[in-house]
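Participant: Protein chains in written order, with my numbering: chain A, 1 to 351; chain B, 1001 to 1323.
Note that these hints are calculated values from the structure, not bench results. Ideal placement from N, C-alpha and C gives every residue a C-beta, glycine not left out. Just so you know, not all the hints are guaranteed correct.
[Stated by the list, open to error] Derived lysine to aspartate or glutamate pairs resembling DMTMM-like cross-links, with alpha carbons at most 25 Å apart: (1) K294(A) with D319(A); (2) K137(A) with D1284(B); (3) K1069(B) with D185(A); (4) K339(A) with E291(A); (5) K186(A) with D1284(B); (6) K121(A) with E249(A); (7) K212(A) with D1284(B); (8) K1069(B) with D129(A); (9) K178(A) with E291(A).
[Unchecked claim] Reference listing, derived: stretches of chain B covered by chain A, where coverage requires no fewer than 3 residues with Cβ under 8 Å from a Cβ of chain A: (10) 1067–1077; (11) 1167–1177; (12) 1246–1255.
[Stated by the list, open to error] Not close to chain A: a few residues of chain B, all C-beta gaps over 10 Å, as computed: (13) A1013; (14) S1014; (15) W1062; (16) P1113; (17) W1138; (18) R1220; (19) P1266; (20) V1315.
The primary structure of each chain is shown beneath.
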Amino acid sequence: MRSSTRLLGLMIIALAIDSGSANAQIQLNGAGATFPYPMYSKWFSLYGKVDATSRFNYQSIGSGGGIKQISEQTVDFGASDGPMTDEQLAAAKGGPIMHVPTVMGAVVLTYNVEGVKTGLKLTPDVIADIFTGRIVKWNDGAIAKANPGVELPPRDIVVVHRSDGSGTSYIFTDYLSKVSANWRDKVGRGTAVSWPVGLGGKGNEGVTGLVKQTPFSIGYVELIYALSNDLPYASVKNKSGEFVKPSLESVTAAAAGVAADMPEDFRVSITDAPGPAAYPISGMTWLLVYEKQKDAEKGQKLVGFLNWMLGDGQKQASDLHYAPLPPAVATKALAALGKITTSDGKPLLAK
Amino acid sequence: MSEDATTGWVDVASLAPRRHNLGDALFRGITAGAACTLVAIVVAIFAVLAWECAGALRTFGWGFLTTTKWDPVFENFGALPFIYGTLVSSLLALLQAVPLGIGTALFLSEMAPRWLRTPVSFLVELLAAIPSVVYGLWGIFVLVPWVRGYVAPALADTLGFLPFFQGPNYGVGMLAASIILAVMIVPYITSVALEVFQTVPVAQREAALALGATRWEMIRLAVLPYGRAGVIGAIMLGLGRALGETMAVTMVIGNRPDISLSFFAPASTMASVIANEFSEASSDLYVQVLVEIALVLMVVTMIVNVLARVLVWRVTGTAAVGK
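Only chain A is shown next, with the shape it has when bound in the complex (with noise of 0.2 Å):
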């Protein structure tokens, strides 16, 4: 044999050897919503410092991707835009499956109208007919009702919305079904839905790019993108008759409203909301996490991060402009973290 060849082959050899021995890390690979990925990739690589010993993989390939690969368990966690359906529940491969809340977000109402900068307010029967098509033009009587003193064009509205599935159509959707019943008869709620009217961008960054681009338009994205992108965003009037600002505190705000009411299961919708303060177009996010974890290491770690996150991850939350859990929302999911336990029963939480 030549001397390279036999090089190659002891390489190989020493390769297939040292691919075996002990790596201290154990790996942990999630999938599922592209909404909280940021917040998520910042989580996974600040945990890296707290527990040097595990290291988290996850994937942003859409909230239904998430649900289908953690009942075919195929990835240790999902995460998930929507709550899961009980028929969903019932079909996942690996026994009942705990939603942990997350973070939260909002969808704003971004518009390009010229001569209107910001502060522009809208009630859910406008927005519930301005999607349906009902209202067409910006001058209309209901729109300048709610604005006194606006100029508003005698112009139509363009209205974009998503083309792809997304949890934020979900949320939006969720919303207008919650106070219109012509919506949620003619529509319904979902990920993608049939758009009575409108022009559909790819992504939150195809709707913030046509708004942009299309003057006398309206669409939703989430907030972050309004932000980052300083785009005017609508006041919206909440439950309790308030047109509240989209921000950080008012999302938590929703939540807060709906903590005391909230499921053991947290699947719980937290769009109009009730409460002053409360921004009403709010969504929670959840991780998906089997109760009974196959891998007794491999959930140790899981749960290890999950009661970091609800601690002293969710301060990391509103630099990256996502909403914390109010208080009393964090408490009772770090409380449901016990219930996770191994395939034989014994709590993975660490006491």
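Using the hints, position chain B against chain A.
Facilitator: Frame of chain A, contents of chain B only:
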């Protein structure tokens, strides 16, 4: 050595050394295997698509191809708007790209100075190398405002009596999508047509000129007929790309599953709806429906290719493309 007793001729095959037969057989086996693998892949794609969408096929049947409703919430699906969007955007793109492409190829092969041919054809081929997403971004930031501000109003003013150029104009829509597709398929048409025109024998051209033809008549009589099959092949190639193009189209077409006669209206194509909705498709039926659309897209592409082959056969008398 087997020598024929009467003529003295030697059977050459028997002179071949025996030991080459194994290599030949192996080579034949490998190449046959490669060919079979490709065929198997195409068949497998069809089979897997059909298998995965069986539920949707059962639920909707043939009505799927004629329904226009697309409602994921109430699970009412119909593929007609997407079929319409794909076919119309590709056809419009061809209408723009074919004259442009063939014109460029003719200019480069017949009329441009020799030193211009290489750099210009290099630049045209560079267009083909640009990624689809980059085209999409260019479309959003450059093409769409241009269409909204200049092209659409101009068309509405001059050709507004036709139903194709009526209605509100948003910039995004069928027109913008067809323009971006045209830009994307021009390099395919140009480079293949240029090659084909360059293979026209000089003798043919000189014969036409000798008979008193002008330059244009020479092109019409000698160059174009000779290159007919090749040019049709080039157009087929471009059409194939246009039918399947996803990212660039989805960024400028407006993504509205509606059928409208107006080119200013937003539309949606089969490839773009799959790209948009597949990752978040929640229910099994929803996923199956999207797979069925993929199957329909493959069938439509196949039908278009078959029609193009028939056209080539009619025009040239052979079924081979590019001869």
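Participant: What are the numbers of the hints the structure violates, in ascending order?
Facilitator: Violated hints (numbers, rising): 1, 2, 7, 9, 19; every other hint is consistent with the structure.
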